[in-house]
Amino acid sequence: MAEVVDYGMFATWLAGCDGRGARWTLLRRFQREWGIDPDDEMPPLWYDTARRALAGTVPPPDGDDMLDGVDPALPVPRALDEWWRLPYNSFLYQPRLYWVHPVYPPKFEATSHAGPIPADDPLLHGTDDRRVCVFMAEYQYCNVWGYPAAQAAHADPVALVTTDDGWTVQADTLSGFFLHQAVYRIPRLLGFTATLDEAPPGFADADLPELGLRPWRQLGSNVTMYGAPDAIVYVDATAGGSDQAFTAAARTEEALKNLTARLGIEASASVSPPTWRT
Amino acid sequence: MDGVVDYGRFAQRLAACTDRAGRWALLAQFEREWGVTPQPSEIFSWIDDLVDEDLEGVDAHLPVPAALDEWLRLPATSYTDEPHLYWSYLIYPPRVEEDEDDDLEPDDPILAGATDLRMVRFLGRAFSDSRWGYPAALAGQADPPVVHSDLSPGSVQSRSLSEFVVHLAVMRLPWRHGFAIEVPQTTPELDAALDGAGLPQLGLPPWEEDGYWSVEVYGAPDAIVYRYPGEVVWAVGRTRQALRDLAARIDPGWKPEITAAHERDERHPSLRH
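Protein chains in written order, with the numbering used here: chain F, 1 to 278; chain P, 1001 to 1273.
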């Protein structure tokens, strides 16, 4: 690895993204920083077929339920189709970095456990369409991610996640969501990690900057991310979520040592080399 | 569908394009003819933001040909909207080929006496090491000729980068959008019938690609025929009827299977080797 990447600056980079194109660029850069750089990924053929079936230019394949639960009158946001077609899409490159199921075209059927968006919610933009279009699901469908049908015509609508409190905003845009998801999932698989049952004594004093992303909500967890040189720290505010209470992930073993020393983590802490081989 | 398009006259349309703008317009027409309606895309916006990128292999002194930047910045074009239809990946900024075996010979006519023998690549083929590029010595040209990495050095694939882009679209787009006939192994009878049918070529040089060298492309009303000599023949049609008419023209007794795009769950024929 060449230069040190200071993720304490991540919030600044994120704030500097002036559109979804800039967020795709940041996603590609982030993937490279963690050692993956796919460049010729292609969506599966069923994606193209589904897209054209949705447009009505071909019939759905016989016996296929790809359009069940889909409102063909709703457009698909540009950002979602762009994500599917990113040649550097790390989900297409290696889905097991993610452990999610994509849903395309976005469907309504999987939304039942969170119900519709409450009437009068500002997310509805004043419409009475309370439906949510689900575009991705956690591996065992415990959480799903979607966007309000009321925003389907937007190029890059807000991304919602199901929690015990119903639909919660996960990211302000779909492109921001896909970037966010990569930041949440990839470093702990591709980096050197240290995990603890609680935040170490030096964590509060170190005052690491947040990444500028909302807490990641999944499987009961509520994970805030913090940046350090060549490293990202994941802290779960809940007890009993699926995440470790505290994980540091670093691009290099040296960066992890520097960080653990700074945070007062004992050398005996559980330190692991990357669990994933690219 | 806007009337019948006779690809037997494609060569004239291509020849009438006297500049890059003409070829970009032809590309857009061809996309529309095959039902491709590209939307503005931000997938490749990273090419405008390369300040922090790893620029290894890039010679910052070499200009990027205007044609390449124009193509990638067309307001809406199929490569930037649906790159997967092209089975290729963008190399940007273009990279100087490191392997000196790929250098041009000093007496290669393409160099016209220039002394920089290096090749520069801008596009790679999916699933192989093949790449397309241009001589570094010609990087200052707005629209340099395109060379395939697997050809003997200096063998030209396209007379200009913008014509290469049109050619690439002709090779790739109809397969995913039109109806098709596919003959995995041609026969002497089919070859003779194809020769006898007198279909005009599209005015493009033979297409060179790993495993499918020297593919010749022929035109007919609403249909295009691709011949990989001695092996595969495939044809695409904007309608089923166009392919029925084409088959009858080649051989009145020929009744090949015609598939719609969504019935073909396989890769583009040129990627099966």
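Keep in mind the hints are simulated off the structure, nothing from the lab.
Glycine included, C-beta positions come from ideal geometry on N, C-alpha and C.
Be aware that one or more of the hints could be misleading.
Stated by the list, open to error - Residues from chain F that face chain P, not an exhaustive set, calculated with beta carbons under 8 Å:
1. Thr25
2. Thr49
3. Arg85
4. Pro87
5. Asp165
6. Val169
What the hints assert, rightly or not - Okay, the calculated bits of chain F under chain P, using three or more residues with CB under 8 Å as the criterion:
7. 12-24
8. 55-63
9. 223-235
Tested hints:
{"no.": "1", "hint": "Thr25", "result": "4 Å, holds"}
{"no.": "2", "hint": "Thr49", "result": "5 Å, holds"}
{"no.": "3", "hint": "Arg85", "result": "6 Å, holds"}
{"no.": "4", "hint": "Pro87", "result": "5 Å, holds"}
{"no.": "5", "hint": "Asp165", "result": "33 Å, violated"}
{"no.": "6", "hint": "Val169", "result": "22 Å, violated"}
{"no.": "7", "hint": "12-24", "result": "holds (count 5)"}
{"no.": "8", "hint": "55-63", "result": "holds (count 4)"}
{"no.": "9", "hint": "223-235", "result": "violated (count 0)"}
Consistency with the previously given hints fails for numbers 5, 6, 9, ordered from lowest to highest.
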